[in-house]
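With the hints as your guide, set chain B onto chain A.
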Amino acid sequence: MPEKQIVSMNCGKIDPDNIDTHIDQGGFKALQKSLEKMTPEDIINEIKTSELKGRGGAGFLCGTKWELARKAGENQKYLICNADESEVGTFKDRHLLAKDPFTLIEGIAITAYAIGAQTAFIYLRAEYHFLLDLLTNAIEQAKEKGFLKHLAVQIREGAGAYICGEESALMNSIEGRRGESRYKPPFPTEKGLFDKPTIINNVETLMNVPQIILNGGEWFKTIGTGNSRGTKVFSISGDVEKPGVYELEMGSPVKELVVTLAGAKNIKAVQVGGASGSIIPFDQLDTPLSFETLLGSGGVIVFNNERDITDMVHQSMIFLSEESCGKCTPCREGTEVMIEIFRRLEIGEGVPEDMENLEALSEAMMLSSLCGLGQAAPIPVLDSLKYFRSEYEDRIEKSQILRRLPRSIA
Amino acid sequence: MERASQDISLSDKKREDLLMLLKSAQAEYRHIPRAFIVDTAKALGLPENQVFGVASFYAFLSVEPLGKHVIRICQNLPCYLKNSRMIIDSVKKKIGIIPGETTPDGRFSLELVSCIGACDVAPAMLVNHDVHGNLTPQRISEILNTYD
Numbered sequence: 001m002p003e004k005q006i007v008s009m010n011c012g013k014i015d016p017d018n019i020d021t022h023i024d025q026g027g028f029k030a031l032q033k034s035l036e037k038m039t040p041e042d043i044i045n046e047i048k049t050s051e052l053k054g055r056g057g058a059g060f061l062c063g064t065k066w067e068l069a070r071k072a073g074e075n076q077k078y079l080i081c082n083a084d085e086s087e088v089g090t091f092k093d094r095h096l097l098a099k100d101p102f103t104l105i106e107g108i109a110i111t112a113y114a115i116g117a118q119t120a121f122i123y124l125r126a127e128y129h130f131l132l133d134l135l136t137n138a139i140e141q142a143k144e145k146g147f148l149k150h151l152a153v154q155i156r157e158g159a160g161a162y163i164c165g166e167e168s169a170l171m172n173s174i175e176g177r178r179g180e181s182r183y184k185p186p187f188p189t190e191k192g193l194f195d196k197p198t199i200i201n202n203v204e205t206l207m208n209v210p211q212i213i214l215n216g217g218e219w220f221k222t223i224g225t226g227n228s229r230g231t232k233v234f235s236i237s238g239d240v241e242k243p244g245v246y247e248l249e250m251g252s253p254v255k256e257l258v259v260t261l262a263g264a265k266n267i268k269a270v271q272v273g274g275a276s277g278s279i280i281p282f283d284q285l286d287t288p289l290s291f292e293t294l295l296g297s298g299g300v301i302v303f304n305n306e307r308d309i310t311d312m313v314h315q316s317m318i319f320l321s322e323e324s325c326g327k328c329t330p331c332r333e334g335t336e337v338m339i340e341i342f343r344r345l346e347i348g349e350g351v352p353e354d355m356e357n358l359e360a361l362s363e364a365m366m367l368s369s370l371c372g373l374g375q376a377a378p379i380p381v382l383d384s385l386k387y388f389r390s391e392y393e394d395r396i397e398k399s400q401i402l403r404r405l406p407r408s409i410a
Numbered sequence: 001m002e003r004a005s006q007d008i009s010l011s012d013k014k015r016e017d018l019l020m021l022l023k024s025a026q027a028e029y030r031h032i033p034r035a036f037i038v039d040t041a042k043a044l045g046l047p048e049n050q051v052f053g054v055a056s057f058y059a060f061l062s063v064e065p066l067g068k069h070v071i072r073i074c075q076n077l078p079c080y081l082k083n084s085r086m087i088i089d090s091v092k093k094k095i096g097i098i099p100g101e102t103t104p105d106g107r108f109s110l111e112l113v114s115c116i117g118a119c120d121v122a123p124a125m126l127v128n129h130d131v132h133g134n135l136t137p138q139r140i141s142e143i144l145n146t147y148d
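These protein sequences, in sequence, are chains A and B.
Anchor point for the first sequence: position 243 equals 243 in the numbering used here, and the numbering is continuous, going up by one each time.
Anchor point for the second sequence: position 73 equals 73 in the numbering used here, and the numbering is continuous, going up by one each time.
This is chain B alone, in the form it adopts within the complex:
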């Protein structure tokens, strides 16, 4: 079994640190590796299923490996009213995957997410932690080309 890297210290950690630890793992490995769940459960004195339960609950954590850049397109009403479906289609076309998938080269993952609080610049998406608003199909290529 793969070993969790030593990049994230598990010593002296408590239950309340769990979400932060999982977020660190997500940032480090682009997902929460199984080995990390096992090691964290041991370090915190928790059953593995509880650690997995937290890892699988939140939208910004993934137990499956994600791409280098994660595209999160808002699918809720304010963006929907501003044709977010067209944006979703043009992103799908540009990178050749559907929501929930990662490109074979590992560059992008695509997700449809709940409101990201950018309704004043709808339609909007997050790429990693960057907000991109007032999207048009024409701008998609230009934006995604800046992430390599």
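One chain only, chain A, in its complex shape:
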């Protein structure tokens, strides 16, 4: 499957500082169609038909979610655009925001109308402060053109916390609290921001909306695979010739992204979905990229033959432990203990039980962590134990040899 641009179709073609260049490309026609010819229910039905799923990682059906918020019996509702892209190796939202803020604003305006929200927040990560002026300017221009009469769009900046990309932590952050995850239920569609029904969607998700409205849900369904409609915008980095952002049809093989587009050579493994993403070995590069198989947030990191996969997983675990909000024990302590084990394996103090302990701990964390961070943290650990077990065995064997040496030599 070749590259296909739906979300990023205007990137590079318009001037992100000038809304007229966007309108010249057909921008805001979907909003006009929505407001003039469609009811909120029509829009939700179109999105339901399209089977659009959230692009932030969780992959929940947007139409279903929007309908829940629409039907929630409250006058005040909120829409939040999650621009807190913090997943390791993920920078596609940065690219989209920088190149085409207008399509996002159009998507926000349509979505807010559909769910009945009068206020929308864009939660922008602190690391992307350099995009603030561009985004503010884009909102102002859309306002001047009269596109936002039904809606107040406000930008809220984060202050540096990976966990705030998790929707309940994000809402806490907007409310002026520590960015800690909340217990669910209640779900945001029922009691979200300020206890009001709230829809939180990722930048890329919302940028799909205008084209679905213009071309119809049935059109969108013809692209991609059975459970993954449309395209996905990927960020690729690591051991590749051409790191960057690529939009591909859902279901495209990993190889196409990693080898054909990004020019990776001597691949040992590929991690899809950031620090807590799945790791696949080089002989599985034909695996399609989709919700059914591998996807996450679309952050793809390539490791060449010179890399130790245990070292890569160790690095990811340091990140996850640092960014754990600390509210629940399995995540806070589990990531710490995993680092201890990886550290021992690294310095030659591994023991035969280490692999078993990692597996048992993984299971406990996946079952009992409060949010996606702790639930997903063990994924690369288990994948590396499955595909690169000999690396662990080698380290444990080396540790045992070291222990048998007289102290003066060791």
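Where hints are given, some of them may not hold.
Pair by pair, the computed Cβ-Cβ distance ranges are [claimed, not checked]:
| no. | chain 1 | residue 1 | chain 2 | residue 2 | range |
| --- | --- | --- | --- | --- | --- |
| 1 | A | 76 | B | 148 | 41 to 51 Å |
| 2 | B | 15 | A | 284 | 46 to 56 Å |
| 3 | A | 346 | B | 11 | 53 to 63 Å |
Partial selection, computed: residues in chain B whose CB lies under 8 Å from chain A [stated by the list, open to error]:
| no. | residue |
| --- | --- |
| 4 | 23 |
| 5 | 29 |
| 6 | 59 |
| 7 | 80 |
| 8 | 81 |
| 9 | 114 |
| 10 | 116 |
| 11 | 122 |
| 12 | 148 |
Everything labelled a hint here was simulated from the structure, so no lab data went into it.
Predicted model only: the values in this text are computed from it and were never measured.
A virtual CB, placed ideally from N, CA and C, is assigned to each residue, including glycine.
What follows is chain B alone, placed relative to chain A:
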């Protein structure tokens, strides 16, 4: 006790303004002064520990004074694979401090941070809000010299 400056108005502020207020304080004083925490808690009708709890949660807020320019080097995988450790070493050597410290003249603070979303130009760092990518040890001096 030092008084919070009048530069940041605390009147008519609500809980939801807290993060923004703390960010303003960070920008103004290069940290969140204790007096500001006390005054803000009073103005918002919150216990001080809740304000401190927020101030100490986020990576871009600090309860200890930071330097005029904050260098944040990404320490995650995409940068790690592109030798970010060499960059960290050359920054340490150039300004003579280790991560978590501030130079005695107050010019720079150095921090190791989580992914800054510049993996396509790894290894990368932020100096204040400026992204610097495709770093090499040779370029470090040149870049840091532009911040005085």
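Mind checking the hinted window 41 to 51 Å against the Cβ distance between residue 76 of chain A and residue 148 of chain B?
-> holds, 49 Å
How about residue 23 of chain B: closest beta carbon in chain A under 8 Å, or not?
-> holds, 6 Å
Is 53 to 63 Å a correct range for the gap between the Cβ atoms of residue 346 of chain A and residue 11 of chain B?
-> holds, 54 Å
Distance restraint evaluation - residue 15 of chain B, residue 284 of chain A, Cβ atoms, bounds 46 to 56 Å | At 49 Å between Cβs, range holds.
Taking the closest Cβ pair, is residue 114 of chain B under 8 Å from chain A?
-> holds, 6 Å
Evaluation of the interface hint that places residue 59 of chain B against chain A, nearest CB under 8 Å | The hint holds - residue 59 of chain B has a Cβ within 8 Å of chain A, the shortest such distance being about 3 Å.
Mind checking the CB of residue 148 of chain B against every CB in chain A and telling me if the closest is under 8 Å?
-> This interface hint is violated because 21 Å lies over the 8 Å limit.
Interface hint compliance - residue 81 of chain B to chain A, C-beta minimum distance less than 8 Å = Where the cut-off is 8 Å and the nearest Cβ of chain A is about 5 Å from residue 81 of chain B, the hint holds.
Hinted contact residue 116 of chain B with chain A - closest CB pair below 8 Å = holds, 5 Å
Interface hint status, residue 122 of chain B versus chain A (Cβ within 8 Å) | Constraint on residue 122 of chain B satisfied, holds at 6 Å.
Against chain A, is residue 29 of chain B within 8 Å by beta-carbon distance?
-> violated, 15 Å
Closer than 8 Å between Cβ atoms is the bar; does residue 80 of chain B clear it against chain A? Give me holds or violated.
-> holds, 6 Å
Checked against the numbered hints above, the structure breaks hints 5, 12 and satisfies the rest.
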